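Asks: Numbering (mature numbering (1 follows the signal peptide of the UniProt record, and there is no 0)) for the sequence shown: -21 to -1, 1 to 153.
Think of the hints as simulated: they come from the structure by calculation, not from any bench. Since the structure is predicted, the reported quantities are computational estimates derived from the model, not experimental observations. Each hint should be verified, as a subset may be incorrect.
[Claimed, not checked] The calculated lysine-lysine pairs, modelled on DSSO-like cross-linking and capped at a C-alpha distance of 27 Å, are:
no., residue 1, residue 2
1, K52, K136
2, K147, K112
3, K147, K107
4, K118, K99
5, K107, K118
6, K52, K132
7, K52, K16
8, K107, K132
9, K16, K99
10, K136, K40
11, K118, K58
12, K58, K99
13, K99, K40
14, K52, K40
15, K147, K132
16, K58, K16
17, K112, K58
18, K136, K99
19, K127, K16
20, K40, K112
21, K112, K132
22, K132, K16
23, K99, K132
24, K40, K132
25, K118, K136
26, K52, K99
[To be verified] Quick list of simulated restraints, FRET-style, between CB atoms:
no., residue 1, residue 2, range
27, D151, L25, 38 to 44 Å
28, K132, D10, 41 to 47 Å
29, S20, S85, 32 to 38 Å
30, P34, K99, 33 to 39 Å
31, S20, L90, 24 to 30 Å
The C-beta atom is built at its ideal place from N, Cα and C for all residues, glycine as well.
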Amino acid sequence: MRKILLLTSVFALLLAVSCKKIDQLLTFYIDDTENIKVAASSPLGLNMLSPVAVPTQSSQKFANNNTSADLVKDVSLSKLTLTIADPNTENFDFLSNIEIYISTSSNDQILLASLSDIPKGAQTITLKPTGAKLDSYIKASSYTLTTKASVAKLISKDITIRSDSRFKVTADPL
């Protein structure tokens, strides 16, 4: 009886370890970096910043991870960080909140991430992802990021913000 319990326990442990290893093999990340411009002439209040087109190069990224678009099961945003790129003396004090939306030519615009309480003096902020299912957006040849921001104080110079996003992809292998 002890041998059966021991064998059952060992089998269960091996199965759990194997499943975890397989799960790790099917999950990878896609990182994208884009620049967003905030014009010095931006009025106070809610502003819609110029949309930014992002080529996904997803078929190549899927191939690099031994999968393809038709084998992708799930895509979600795991992290979106904004950093003041220029001028490097600026911080995010000019914003009171920010929302970033994603869309494609065949998919509606949905909220990707946001942050409502911008910390004072910060040159880098991390937005809160919505957890939206993004499969069709990342599988597309490109997507568009649209930014809505509440400007809290006048901006004397144009500001360039670098957007670093990380998407978690789960897919079956080829």
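Asks: Now look at each hint and say whether the structure bears it out.
Replies: Results of checking the hints against the structure:
1. For the hint linking K52 to K136, the alpha-carbon distance of about 44 Å lies beyond 27 Å, and the restraint is violated.
2. For the proposed pair K147 and K112, the alpha carbon gap of about 11 Å is at most 27 Å, so the pair holds.
3. The suggested pairing of K147 with K107 holds, with an alpha-carbon distance near 15 Å, which does not exceed 27 Å.
4. For the given pair, K118 sits about 37 Å from K99 by alpha-carbon distance, which is inconsistent with the 27 Å threshold.
5. Simply put, K107 and K118 have alpha-carbon atoms about 22 Å apart, close enough for the 27 Å limit, and the pair holds.
6. In summary, the hint linking K52 to K132 is not supported, as the alpha carbons are separated by about 43 Å, beyond the 27 Å threshold.
7. Restraint check: the Cα-Cα separation between K52 and K16 comes to about 34 Å, which exceeds 27 Å; the hinted pair is violated.
8. Of the pairs offered as hints, the one joining K107 and K132 holds, with about 23 Å between alpha carbons and a cut-off of 27 Å not exceeded.
9. For the given pair, K16 sits about 20 Å from K99 by alpha-carbon distance, which is consistent with the 27 Å threshold.
10. Distance hint between K136 and K40 is unfulfilled; the C-alpha atoms sit about 37 Å from each other, more than 27 Å.
11. Restraint check for K118 and K58: the C-alpha separation of about 18 Å stays at or below 27 Å, so the hint holds.
12. Between K58 and K99 the alpha-carbon distance is near 21 Å, which keeps this suggested pair within the 27 Å criterion.
13. A distance of roughly 37 Å separates the Cα atoms of K99 and K40; the hinted pair therefore is violated under the 27 Å criterion.
14. With a CA separation close to 15 Å, the supplied pair K52 and K40 stays within the 27 Å bound.
15. With a CA separation close to 35 Å, the supplied pair K147 and K132 exceeds the 27 Å bound.
16. As the CA atoms of K58 and K16 are separated by approximately 20 Å, the hinted pair is consistent with the 27 Å bound.
17. Note on K112 and K58: the hinted pairing holds, with a Cα-Cα distance of about 14 Å set against a maximum of 27 Å.
18. Under the criterion of a C-alpha separation no larger than 27 Å, the hint pairing K136 with K99 is consistent with the structure, at around 19 Å.
19. Note on K127 and K16: the hinted pairing holds, with a Cα-Cα distance of about 12 Å set against a maximum of 27 Å.
20. A hinted pair counts as satisfied when its Cα atoms are at most 27 Å apart, and K40 with K112 qualifies at roughly 18 Å.
21. Restraint check for K112 and K132: the C-alpha separation of about 34 Å exceeds 27 Å, so the hint is violated.
22. Between K132 and K16 the alpha-carbon distance is near 16 Å, which keeps this suggested pair within the 27 Å criterion.
23. Proximity of K99 to K132 is assessed by CA-CA distance (about 13 Å); at most 27 Å being required, the pair is judged to hold.
24. At most 27 Å may separate the alpha-carbon atoms for a hinted pair to count; K40 and K132 exceed this at roughly 40 Å.
25. The straight-line distance between the Cα atoms of K118 and K136 is roughly 37 Å, outside the 27 Å bound, and the hint therefore fails.
26. Restraint check for K52 and K99: not satisfied, since their Cα atoms lie roughly 39 Å apart, outside the 27 Å limit.
27. Between D151 and L25, the C-beta spacing of about 42 Å keeps the proposed range 38 to 44 Å intact.
28. Distance hint for K132 and D10: a CB-CB separation of about 32 Å, inconsistent with the stated range 41 to 47 Å.
29. Distance hint check: the CB atoms of S20 and S85 are about 33 Å apart, consistent with the given range 32 to 38 Å.
30. The given range of 33 to 39 Å is respected by P34 and K99, whose C-beta atoms sit roughly 35 Å from each other.
31. Distance hint check: the CB atoms of S20 and L90 are about 26 Å apart, consistent with the given range 24 to 30 Å.
In terms of the numbered hints stated before, the structure departs from hints 1, 4, 6, 7, 10, 13, 15, 21, 24, 25, 26, 28, listed from lowest to highest.
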